[in-house]
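Which chain is which? The protein sequence lines are A and B, in order. According to the working numbering, the first sequence holds residues 11 to 674 in order. According to the working numbering, the second sequence holds residues 1148 to 1247 in order.
Think of the hints as simulated: they come from the structure by calculation, not from any bench. In this text, all values refer to a predicted model and were calculated from it rather than measured experimentally. Check the hints yourself; a few may be wrong.
[What the hints assert, rightly or not] Sample of chain A residues with no beta-carbon within 12 Å of chain B, all distances over it, derived:
1) THR201
2) PRO510
3) GLY615
[As the list claims (entries may be wrong)] Listing some non-contacts, in silico: residues in chain A with all C-beta distances to chain B over 10 Å:
4) ARG72
5) PHE74
6) LYS182
7) HIS210
8) ASN320
9) ASP386
10) ASN392
11) GLN616
12) ALA661
[Said to hold, decoys possible] Label pairs and their computed distance ranges (CB to CB):
13) ARG646(A) to ASN1152(B): 42 to 48 Å
14) PHE673(A) to ALA1225(B): 40 to 46 Å
15) GLY640(A) to LEU1224(B): 31 to 37 Å
By construction, the Cβ of each residue, glycine as well, lies at the ideal position given by its N, Cα and C atoms.
The chain contents come next:
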Amino acid sequence: MFDYVWLIPFFPLVGFLINGFFGKKIKNEAVIGAIGTLAIFSSFIVSCMILLEMIGLSPEKRVFEKVVFPWIHSGNFKADMAFLLDPLSCIMIMVVTGVGSLIHLYSIGYMHGEEGFYRFFAYLNLFCMSMLLLVLGSNMLVMFIGWEGVGLCSYLLIGYYFHKKSAGDAAKKAFVMNRVGDFGFLVGLFTLYWWLGSNHNIWTINFVEIKAASHLLPYGGVVTVATLCFFLGATGKSAQLPLFTWLPDAMEGPTPVSALIHAATMVTAGVYMIGRMSFVFIKSPETMMVIAVVGAATAIFAATIGTAQNDIKRVLAYSTVSQLGFMFLAMGVGAFGAGIFHLMTHAFFKACLFLGSGSVIHAMHHALHKGHLHDDAQDMRNMGGLRKAMPITFLTFLVSTIAIAGIPGFSGFFSKDEILWQAFANPLHGNLNFYLWATGAIAACFTAFYMFRLVFMTFFGECRINSKVKEYLHESPLVITIPLMVLGFLAVVGGYIGMPKLLGMLPNYFEHWLDPVFELAGEYSATYAHKGAHLSHSLEWTLMGGSVVIALVGIAIAFTMYVQNTTLPKRFTDTFPTLHRAVYNKWYIDEIYDYTIVNPCKALGQFLWKGFDVLVVDGVVNGVANVVMGFSGVFRYMQSGLLHNYAWSMAFGVVVMLGYYVFK
Amino acid sequence: MENLNGYLIISAILFSIGTVGVLTRKNAIVIFMCVEMMLNAVNLTFVALSRHLGNLDGQVFVFFVMTVAAAEAAVGLALMIAFYNNKESIDVDDINLMKW
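Chain B on its own, in the form it takes in the complex (with noise of 0.2 Å):
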């Protein structure tokens, strides 16, 4: 494929805002979907080199990755709602009390 280049630098600049945000973002829903953005550019490279190499193991492995990311956000967003009946936010500088 001539233009892997293309889908992986895009990848990549995905993955790269996806950690900005996990980084600096305050908001826990933000921050989940950062992670998502971070996980579908890891997809995105993998289905572009399965295409490049010609082999299906890059888009197995796909599914694979968006079955774990929906779980973990159901899981995520459950712990959230724990969370908020707690604390009345979802900050997370508002998690902090397992510290020194």
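So here's chain A without its partners, still in its complex pose (with noise of 0.2 Å):
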């Protein structure tokens, strides 16, 4: 079966190639989300007959590549459309073309009368196909294919209702921030590939052929600069600090992709990438305390940013970007299993939660416009209660949000506290850690806070939105609940194949599953590895019942401010106002980018423009026809028609030729 794992990026190629040609022939919506969905179903069958298939297979020979066909040979430049398949990948394929199926599903019943209906389709089908070709390339350009190819697609879904300014806008900076990104990626895919190719006459970009030579890596220098610029795009990628703010916007587009795009699949490519190349990331401890600072700090900053949100999309957004910080804490300290391993639960619940608030969206929105009304479908201070009217949509949503939150036994905990252990035990940066693991707990604590403000302030309490349309609100049909359904399982059980060593109720599947994939970087990290203490079982249970603690008292404080005593907020508000207004305008980070960057961009634009272009490369090419035809009218009178000045200038100069000669 691993032969046929070219078919998995080529029937979302195929789907998209018939829905973007023929859609606008195929009226019937029926027909169209049939071939997009079943495109992408049929990538999941496959995925999970090669899942089964490697289950079958010794660890040891769980590496497989397929050259599909061989592409650029070019001197020492050797490119193949190779797909690599290792646990790694499997676990990717499994989740892109999974979660991927159940959101195709549900955008049949959620884009229903829209005008771009195929368009929609054909596009995240596009972007299915870009996405699998990232995490199944064998070596760095098929995945920079992919890479460049998700920059695109959610440039082109963010931009869906291209009628809409805001959505043009979200898009073009979603583009260029991930371009940034991409601009670092290439730098770093340079870098690698000419160190290795002059001092070790190694040419190549393929990834095992890099992790057989990565023994001849030196450990920072020339690695720190080329993983650096990998990190770099990484943060573009995957909306870390500083390139994160296009993805509050980018909720701009409709909220299945949202679900696909901004949480589930794109945002982990850099995630996946770091993971991918973990063996040379880990070459670099300047790098690794990099990503797990820069993580933490993500966490930390786009928590506090969520809790004063009042549109539910954009609490999830802040959510994302939170979560995703907490996976690069857990790549930056070496724990690249429990990276992955959230990042798989992270795509289950919040794909759950972004598809759920989807459901909220569409039964507001129903409900105002039946009754004329205008206001605001995504925020929050308009909803509330509707847990009565929507029951599948709020049970889902609270599972989800209760395993986002970390409480045990539900998927989120699992990872989440694997992550934060690992942050405080794995002696990569020595006293770091401790500082990373603690801003990793509050991160955590704001995390739970914020989610669950979400849930008190949708589905409890009394009904906010206007009475006249209350009754209105009823719950989604089939097509959208039973990918809720199946999501919110998933968050719930999903965690359980890694739980860790110290419950010891089962084995920890998950991290063995991936043991051979991020084994040499564990050889390389011990190394220079801090030796710290012994860590006993004592402390690993102390940390996470802690962890515990830290979850229920943000619960209880949203508990007490969001449904006890509703003043609490307001009261809290005007105590600290600016405050407040800073964490409410996202601490201004969209304004103080405006003024550093895009202003002085502009600026240069501007120059480069009136002051260059006009002045010096116009003036340069009229100024030659300016002197040519200045010569010209006095050259001209040369010709007067009259014989006497020929005959005059004839004699003249044969005067001077005589001349010339007799003198010389």
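Assembly of the complex is requested from the two constituent chains, each provided in isolation within its own frame, with the hints serving as guidance.
Given below as structure tokens:
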């Protein structure tokens, strides 16, 4: 079955081509939706078969490279269209195709009645194809094709409602920030390729070959430069500090897009990339520290902003940025397996949360439309008490919220706790480890707080929507609720494959599964890891208990403020107006970027246009023409038309020439 | 030849007179006559030097020059007739259409 791995990106490509070129003629929504969903679902089936086959193999044999066709062979540079199957890519394709299929199904219901229905499914399929290229690529070039492709599809899908200026602006912002990251990725790629080639005559961009040659890479130095550049790419793609501001704006796109691209798949590309090249990243302690610090900082920064937002999708967007920060924190302390584990559980519960919010927004929109009101359907201040009207949505949403808050028994607990434990215990960064853990713990507390704030404001309490339209609120159809139920179920049980050894109930299947991928990185890290004191089991139990307590504290605060005594939020913001204003306005980061980066760029553009292009370039071109005209204006009088003038000039010329030879 | 210088000087004078005529006179026929004078001055030079050097090449060349002069006179006069048909004058200052 491994030979058929190329089918996995091929099915969505076919879906894109059919829906893209013929979608306009196929007016039937069911057909278009079916084509799109079946395409990605077929990829899911193939992925399942590949996973089952891989489980049957012994761990050393679980690496398979399939060359679809040889592509670029130019001198020393060799890049084939080839796919790499190993435990890591298996997990990724399962997540992408599985969650993708559910979201395609959901979109059939959610996007009903939209004018560009076929366009949506075409782009969604194109996105899935690019993402699958990214995770399956066996060399950096194929990965980069997917990398760029998902950025493009993100632009196309965020700007889906292109009639709205805000959507177009958000799409451009996302694409430009991604581009900055892509530049980093390319520079890193070039640096690595050039260094291995010129120093060891190993000219390759293939992951397997680089892994084999990784023992030749030095610790630090050029590896630090290359990995920092790669990490810049990851910050752009995965919305970390400083390149994260596009993600909240990306909520302009339809909710399925937010669920698929900006929660489960595209934004995880950066994490996957670090995992794929763990053996390179681990060789630079400096970069690992940068990754961990940036991850932790992003986690807490975004978490603070999320506490004050009123738009339901904005809160989820900042939550995504924050959880991605956790994943990078994990990668930065060398716990690559934990990072990927959180990637997987996050995909489940975050997709469920986004799809649930879509269900809520759909119901609100429908109700407000019926009552001819123009209130914001996404503003939580207009919601409340929806659990009676939308029980299934409420239940799945609640389950996913409990998961993200890190309550034991649900998937998020296992992955988040693993990250926090590794941040504390994995001795890569010495003293810094404690602060990383502390930041993560505080961010986890905030996470629990704002997520339950969201749940309480939306589903509990009295219904704040205009009473005229309250009766129109109803549960969403099955196409929407079935994916919610599946994802909710996964949000609960998805974590049990990664249960830590401490709890002893199940072996940690997940970690063992990914061991062969990351063990080389583990060997390298052992050479410079700080030799910490042997950490005992009781410490692990304490920290685990600590994270549970932290989560419960967050939930309790949210409960007090939004269910028991709903005047508390107002009193809080009145006591700290400046702080509230700063947090509500995202710490003014967009304004800061505008002032420091965007406006100078615009000024540079103006200067290059008015100052350089018009004055210098046009000046030179026009100047040359003017000089020629000047000369010709003088020389034309030579042609007087009078015979005697010509005769005189002939005589003069003869005299000059004779004179030259006579006096020479 | 002991009076070679005399022949050459006369030839030079004739040539100069012809040049001045070409450069100064208005009438096209007069200009043609001056051109003939210049060609004949050159003929005189050729013959004098041929006699002086004892080589007949110069005199052979004179035949060429005379032939050319005759042909050129024929062509030039035909040109002038065509021009007169057009402009009713053979003043060379009136041939001035090809100018800036």
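Hint by hint, here is what the structure shows:
1. THR201: Nearest chain B Cβ is 64 Å from THR201(A), so the label holds.
2. PRO510: holds, 97 Å
3. GLY615: holds, 46 Å
4. ARG72: holds, 87 Å
5. PHE74: PHE74(A) clear of chain B: closest Cβ-Cβ about 82 Å, beyond 10 Å.
6. LYS182: holds, 57 Å
7. HIS210: holds, 73 Å
8. ASN320: holds, 79 Å
9. ASP386: Correct as stated: the minimum Cβ-Cβ distance to chain B is 76 Å, above 10 Å.
10. ASN392: Its Cβ never comes within 10 Å of chain B, the nearest being 82 Å, so this holds.
11. GLN616: Non-interface label on GLN616(A) holds, nearest chain B Cβ at 45 Å vs cutoff 10 Å.
12. ALA661: Given a closest Cβ separation of 6 Å, the condition is violated.
13. ARG646(A) to ASN1152(B): 42 to 48 Å: holds, 47 Å
14. PHE673(A) to ALA1225(B): 40 to 46 Å: For PHE673(A) and ALA1225(B) the Cβ distance comes to about 42 Å; the hint holds.
15. GLY640(A) to LEU1224(B): 31 to 37 Å: violated, 44 Å
Against the hints set out earlier in the document, violations occur for numbers 12, 15.
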